[in-house]
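Going down the list, the protein sequences come from chains D and X.
Residues 1 to 794, numbered by the UniProt record's numbering, are exactly what the first sequence covers, in order.
Residues 1 to 154, numbered by the UniProt record's numbering, are exactly what the second sequence covers, in order.
Keep in mind that the hints are not guaranteed to be accurate.
[Unchecked claim] Here are the simulated lysine to aspartate or glutamate pairs, EDC-like style, with alpha carbons at most 20 Å apart:
| hint | chain 1 | residue 1 | chain 2 | residue 2 |
| --- | --- | --- | --- | --- |
| 1 | X | K30 | D | D94 |
| 2 | X | K28 | D | E95 |
| 3 | X | K45 | D | D352 |
| 4 | X | K45 | D | D321 |
| 5 | D | K334 | X | D54 |
| 6 | D | K282 | X | E89 |
| 7 | X | K109 | D | E9 |
| 8 | X | K18 | D | E95 |
Bear in mind the hints are in silico, worked out from the structure with no lab data behind them.
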Amino acid sequence: MTPSVRLQEMIRVIRSARTQGEERGIIQKECAEIRAQFRQTDNGERSHSLAKLLYVHMLGYPAHFGQMECVRLIASPRYSEKRIGYLGAMMLLDEKQDASLLITNSIKNDLSHSSQYVQSLALCTLACMGSSEMCRDLAPEIERLLRASTSYIKKKATLCAVHIIRKVPELAELFTPSARSLLSEKNHGVLHGAVVLITELCERNAETLDKFRKAVPELVTIMKGLVTSSYSPEHNVAGISDPFLQVRILRLLRILGHNNDSASDAMNDLLAQVATNTDSSKTAGSAVLYETVLTIMDINSESGLRVLAVNILGRFLLNNDRNIRYISMTSLQKIVQTDHNAVQRHRGTIVDCLKDQDTSVKRRALELSLALVSPVNIRSMMKELLIFLSSCPVELRSQTASGIFNAAERYSPSKRWHIDTILHVLTTAGGDVRDETVPNLIQLITTASELHCYTVHKLYRALVKDISQQSLVQVACWCIGEYGDLLLKGECEEIEPVQVTEDDVLDALETVLQSHMSAPATRGFALTATMKLSTRITDNVDRIRSIVSIYGSCIDLELQQRAVEYNALFKKYDHMRAAVLERMPLMEKNSPGHTNGDSSGEIKEPEPAKTKPVEPILLSEPANQVCDLLDLLGGTDTPVQPSSAPTSTATTTSSADLLDLLGGLEPTPVPAVTVYEKNGVSLKIQCDSQTDTDITVTLIASNSTQNDISNFTLQAAVPKSVQLQMKAPSGNVIAAHGLGQVTQTVLLNNPNKVSLKMRVRVSYSDQGTMLQDTVQIDSFPSPSWNSQPSIGVL
Amino acid sequence: MMRFLLLFSRQGKLRLQKWFTVLSDRDKRKIIRDLTQMVLSRPPKACNFLPWRDLKIVYRRYASLYFCCGLEQDDNELLTLDILHRYVELLDQYFGNVCELDIIFNFEKAYFILDEFVIGGEVQETSKASVAKSIEEAESLQETMEEYLSKRTY
Chain D
1 MTPSVRLQEM IRVIRSARTQ GEERGIIQKE CAEIRAQFRQ TDNGERSHSL AKLLYVHMLG
61 YPAHFGQMEC VRLIASPRYS EKRIGYLGAM MLLDEKQDAS LLITNSIKND LSHSSQYVQS
121 LALCTLACMG SSEMCRDLAP EIERLLRAST SYIKKKATLC AVHIIRKVPE LAELFTPSAR
181 SLLSEKNHGV LHGAVVLITE LCERNAETLD KFRKAVPELV TIMKGLVTSS YSPEHNVAGI
241 SDPFLQVRIL RLLRILGHNN DSASDAMNDL LAQVATNTDS SKTAGSAVLY ETVLTIMDIN
301 SESGLRVLAV NILGRFLLNN DRNIRYISMT SLQKIVQTDH NAVQRHRGTI VDCLKDQDTS
361 VKRRALELSL ALVSPVNIRS MMKELLIFLS SCPVELRSQT ASGIFNAAER YSPSKRWHID
421 TILHVLTTAG GDVRDETVPN LIQLITTASE LHCYTVHKLY RALVKDISQQ SLVQVACWCI
481 GEYGDLLLKG ECEEIEPVQV TEDDVLDALE TVLQSHMSAP ATRGFALTAT MKLSTRITDN
541 VDRIRSIVSI YGSCIDLELQ QRAVEYNALF KKYDHMRAAV LERMPLMEKN SPGHTNGDSS
601 GEIKEPEPAK TKPVEPILLS EPANQVCDLL DLLGGTDTPV QPSSAPTSTA TTTSSADLLD
661 LLGGLEPTPV PAVTVYEKNG VSLKIQCDSQ TDTDITVTLI ASNSTQNDIS NFTLQAAVPK
721 SVQLQMKAPS GNVIAAHGLG QVTQTVLLNN PNKVSLKMRV RVSYSDQGTM LQDTVQIDSF
781 PSPSWNSQPS IGVL
Chain X
1 MMRFLLLFSR QGKLRLQKWF TVLSDRDKRK IIRDLTQMVL SRPPKACNFL PWRDLKIVYR
61 RYASLYFCCG LEQDDNELLT LDILHRYVEL LDQYFGNVCE LDIIFNFEKA YFILDEFVIG
121 GEVQETSKAS VAKSIEEAES LQETMEEYLS KRTY
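Sequences are here, hints too, so could you generate the full structure?
Put into structure tokens, the structure is as follows:
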């Protein structure tokens, strides 16, 4: 008798409900019946009721009142009831419920039941929802079953053991001895379970991993048997003999061969055989090949084998099956760093995958393409990437844009190409770029002084065409403001000349100012640009005056403030206007160690003395001071003293500081400590940031001798458990008389929190002689209070 | 290891849920909702693999049912497609030309069959014939009405 008849009736009734409310009513009635049934004495109906309850539970209704019934049914001698009881336990009881402990005893009894199907119910339930206490209690039982029972039970016991180990890792030792002997089983189910168990054991404990390395020959034999065996209908899937087992063995081999030469050697032949002989026309074969490739790439395999693996992945890329293309790209992504050249060979196919219909495939292709960009292929790759950007799905746009920027920054063949590329991205996907693109681009433009004319013309044309992309508009406004004179001059070698009148330019800027599409920041840019033009044009200064005075009563506070100040510049400070609005000085980018995330364009300006008196000296700035219109501090002291003998307590900026609220406070110990001073060359160390395990320091070298020193390099060594990463130095020539500096950022990762020491070797050549010296740094300074705030672009 | 296996219809109704990790009811319902939404909105020819949170989701549509499971990072997605296919074959063999209604009205059987094929998120038996045989034998243990009532309960 099956419990299904009544159950099916109920299911039919529930399904016929036409509304949610109707369904709820039916279910409430049924639940009431079920509850009543549970309260009665046994009449053969219990398993029906529980089954009905489980169906109701699957629909999403509460079913906790069935938990005790599960416990009761599990203890019943009737197989049907046990079966439903255990199913109920797996669905309703998890380790969070108190009732789960109550079934431990039943499970224990059932594990020794005479019927193997009852035993199997218990094993299955334990493996599915066994809590740590239950696992601890029953582990010895499971271990016994592993060793002495039928294959049917052994295979289930093995997987139950895997679950136990996952829950209670300390019990791993209990199963290690039996696991080894299970490898000699013939039954595939048991063998599969054994391999899974050994994999789990090895992943958790390095010693166990060592021990099981001795099993590599055995595993290789089993695998060979599978690959070369004749057709066996029992295990055959699409021409592959037991792909499930093959894949698990390959995965175990991967773990055993990782970082171990002898184990890797032992599997070389096998892997080559599998890689060449496996038929990949169906999924099963591809799955085995995929796992083989992963294994080859992860162990110490010989280069011929690695090339074979990459070629398999390349073949996968051309497969019609989209899944296989996706898989191969995921794998290529993992190895693109280590086997870059091999992957480069398949670049064409990867770039073609950018045009695939499927978004997941496109995403993978994008990541891979970005990883494959190199100085050699930058132009062609960028063309493809820009085409992709114009047609890619929305969710990938910002990733593409950032990727393009990074690639352009690293490998751009020329400044003009770089600027063109960025402009192209801004016109196509300006809304999806990161915020720091604008200052980055502006900084780039200022440094490319020979291209100012070209740039401003291009930007002007783009602006006139479309003012919706905020980043583009901001950059365009800024450039027009700065280089408006070049724009008006008209000629430019690299673009066909177009006559631009002052009115045209002012019209464009006014359109931006008035458009509802412009963000407040953009309008600020436009207003400032308009103001700057007042010194660069001749005829329409009045028009500018009127624009500026209109905005003096604008609702937007920022715009209003700017307009009022510019107005003041026209009225009271007209004599200063030309000086104030002249060309901006060149902006230095951050030191090479910083990522793109930092905003560039740090214009040094007098610090409020809330910050450290001696500022982190990252770059030696020329003493350009930008006259900030909003400079309330008035002081023009440069806090940057590129001196060779820094003093820790120099308080250069404390004087003229109106906002010095902390003036009385003595700063905490020095940010820059001199660690080496000899023959006029000195090396200071300064801590930029510090966490529990990481510390970032900057080494600053300076030279107070009469001559420049060149070929200045630093090498560093740290204790074993510490990881060291040295960023590129700012240069290798230090100017004489303390006029120059070389800085280099070093990142230290100290996970074991050992006492940090660093030995630094300094080498340089002074007037032709090579000199070398070593210095040991035993204590690291603590970080300064704040670092210098970065200032945005005017 | 498979973290979970879900079966749901084209309209998003859940037909089977098997969880191999401990999760609260709320979490389970949220996962079901999220995944159902994600999988149902995929275009028909799309790739069967999805990265989601820290898992890999593998799904396949068989007639009106979606079979969807969550894998850990180390698992082989292509093999999982075969695992799903094997489960469908087993269902087909048991029910004879299985369709969604079979699974709706005999959901507990679907669970029993799954439990003979997969334990604790891992495949336990790789031979289809073996699994089918075990299911049959277990079925024969289900008591008839007379046996049922004649057995003492406690």
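key: Those earlier numbered hints the structure runs against, lowest number first   = No numbers; nothing is violated.
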